[in-house]
Amino acid sequence: MLVYLIRRTGLALITGLAVLTLVFCVVRILPGKPSHVILGDFASQAAIDALDKRIGLDRPIPVQYLDFMGKAVTGNWGVSMVTDRPVIAEILSVLPWTLELTLAALLIGVATGIPLGVLAALKRNRAADNVIRVVSLVGLSFPAFVSAVLLLLIFAIELGWTPVISAKTGSFKAWAQSLALPAINLGLINAAYITRVTRSAMLEVLHADYIRTARAKGVPWYAVVWRHALGNAMLPIVTVIGLFLGILIGNSVLTEIVFNRPGLGKLIVGALSQRDYTMLQGLMVIYTLLVVAVNVLTDLVYGLVDPRVEIR
Amino acid sequence: MKLTIPGAGLGLLALLIATSAAQAQKRSLVVANSTADAGKLDPHQTAVGADKGMLNWVFNALVRIKPGQINPEFIEPDLAESWTANPDRTEWTFKIRSGVKCHGGYGEFTAEDAAYSLKRAADKARSAFAGDMTPIAAAEAVDPATLRVTLKQPIPSLLGLLSNYHGGMMVCKKAAEELGEGFAKKPIGTGPFMFVEYQPQQFVKLVANKSYFRGAPQIDEITYRYMPSDATRDLALQNGELDMVFGRTTDQWVQRMRSLKGVKVASIEPAELNALHLNIKAKPLDDIRVRQAIVHAIDRKAMVALLGTQVSREAISVIPDGNLGIARLPLPDYDLAKARKLLAEAGYPNGLTIKVIISTHPTLSKIMEGLQAQLNAAGITLDMQPVDHPTWHQQIRKDLSPIVMYQAFRFPVADSYLSQFYYSPAAIGQPTAVTNFSHCDVADPEIEAARKEPDLAKQKLLWRSAQEKILAALCSVPFSESLQVWAWSDALDLGYEMVGSLNLAPDLTEKTRFTK
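If you're matching them up, the sequences are chains A and B in order. The opening residue of the first sequence carries number 518 in the working numbering; numbering runs sequentially from there. The opening residue of the second sequence carries number 3 in the working numbering; numbering runs sequentially from there.
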């Protein structure tokens, strides 16, 4: 296990360096400069040149690259070119909001998606299965910003159960109220994916010989389903959950915008539109680390849910 | 007068009721703008409208345009109590108001702070508005209460330059020097509200400056939220979580907000002029017949209908309406037959195609799509290359688009817009380039002469002449103007009549209060 972790960490570092290089190149290939955004359309060319010099954009690209890589590996990601605030501080100030939303959405997705997927498989081609399949299809095809506005209209405006602006204010109730709708919005999309994968994985194992044997031996039905069948169907489900965790971190931007929550998604969209190179670079590093961490975690969970998978 | 016991009792009761009513009044205000986050919270460095609006509540200037107005004719004393100028208007002396305190215990505001602020605003390393301040040769504190400003040459509106807009904002020297780059994270001003907190992607919190020189504000706290989702802002206003919101410039939005109970909606000045800037030095637009064909192919009324009659209006000149010195000019008529005839005369009997770079910004692309349809009817095909907004800004500053649809307003004195859009030193490609996309140079003598002209009536004549020449040369085709739209709770009394705000957000002053 330790060797495995060391090897994966080494690979993650190489991936990180490759991503850093890629990000450095991509953000500089994009047309548009942060100095235009910072100074606005009132600025003269002389003022734009002066700002380029101050933020180091007048230097040759290789010099900028070496400076950037040197600082990145030592953990100094510099300051935002647009706001002058430290990149790491900006990221850390919104990271907990993204992690909180992602984990809550994942929890809702798993808690809803797996039971519904199992039920749909057990009731294959019957009314319950059809309803679940249609609902999950709707969940998959519904844009997140539309469902978000509908949730706000129902629960914030009509019922008055939650605020429109999702920002926790200290008390547990306020925190729960502010997290509920965004988490449900993202969680239901997640649940739709998990339901469909669980259904198909369960259908595959429910016809396996060992299930038939277990039933013939008189093993209780619930144990056959939840232990023998679901246990063996978990690999694709874990894969989807792992994949979706990475996607959720990146896809939460529309939910963050509609519910007015801080988050990494909003930060990256802002940095991209303002050509804030340093912020984009810092964000890419964080995203890479998170995705790599999720992949390692997924691999570890494979070993836990299926003893046939050996981690070396 | 004899005071009776029942009378005194009734008086006391009335006082108690009034007091409890005052206590029951809401004293914290929540405002939302449409940006996702704050930029630099430094009045000399931010070019973002959302930040400028909020910083206007934190900072003062030497003079200010009366709250709710945008016309320089409404300029009144702010940190300067009075001012005088020498006969040729190159040396100005300002008497600084005494007893004004900088926020955060940074001491009293003096002429030294004022001189420092002007030098800072003129420093291109520390200011986005350094170009505007170039006419100022020197700013010096004669004594703590006297500031002397010397100009390189007379300019049309020094007071406009020193008003509460862009580089005119006054900072406190001690705070700016002590905080350095950190000043943009902790702005220190002298205004009615003081900065206390910033939460990334959420809000900036301001509290009342109880020792404000015009009197303690009647609002205790302002939360200025960053909310990019239009739908969420609207719902939060409807739900009572917001008191004031920046709106969408569409008739549908205005009508929907007006249908809500307890909500006031206002389309406010300044209007941004929508104009097609035509590069008169590049083919095929170097032929005036092609430019004339374009202007005759554009139906201004139809453009206003497309953009919304409650949030836009027809253009009346090559500069925005409301500018000091604007001339209402007879803009060419919409005449498709004439447009086609002119094209044929110019050698394009079968029409022509022009490649244009456009921004994907929703407002700008909507306008361009409308224009494309209109020009197409006259045989002019716009081959539009959409790029994202920052890219568009960069590419139009490299002369890559012969037609640039630009939406803008400038400080409302004719010289500002004329100098930036139609004066040859501001042409793209020059070291002093600003936004003269058309490479217009036909009115340089009038623009320069107006700057030096001390007589306002003569100055206005020169500006009129400049506008006439620019229109005759068709450096630009102005067609409409877009207003700013805000909505707020009708329980909020701004404390003045709202016509507009140069800083693009309603002024919140010491007189702003809730009535219930």
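Note that these hints are calculated values from the structure, not bench results. Ideal Cβ placement from N, Cα and C applies to all residues, glycine included. Please note that the accuracy of each hint is not assured.
A few chain B positions that, by computed beta-carbon distances, are all more than 12 Å from chain A [to be verified]: (1) 88; (2) 127; (3) 148; (4) 154; (5) 385; (6) 485.
Label pairs and their calculated CB-CB ranges [unchecked claim]: (7) B:29 to A:810: 52 to 58 Å; (8) B:107 to A:814: 37 to 43 Å; (9) A:810 to B:499: 57 to 63 Å; (10) B:351 to A:670: 35 to 41 Å; (11) B:107 to A:821: 31 to 37 Å; (12) A:724 to B:364: 34 to 40 Å; (13) A:810 to B:383: 51 to 57 Å.
Practice item. Would you list, in rising numerical order, the hints stated earlier that this structure does not obey? Key: When the structure is compared with the hints, numbers 2, 7, 8, 10, 11 and 12 turn out to be violated.
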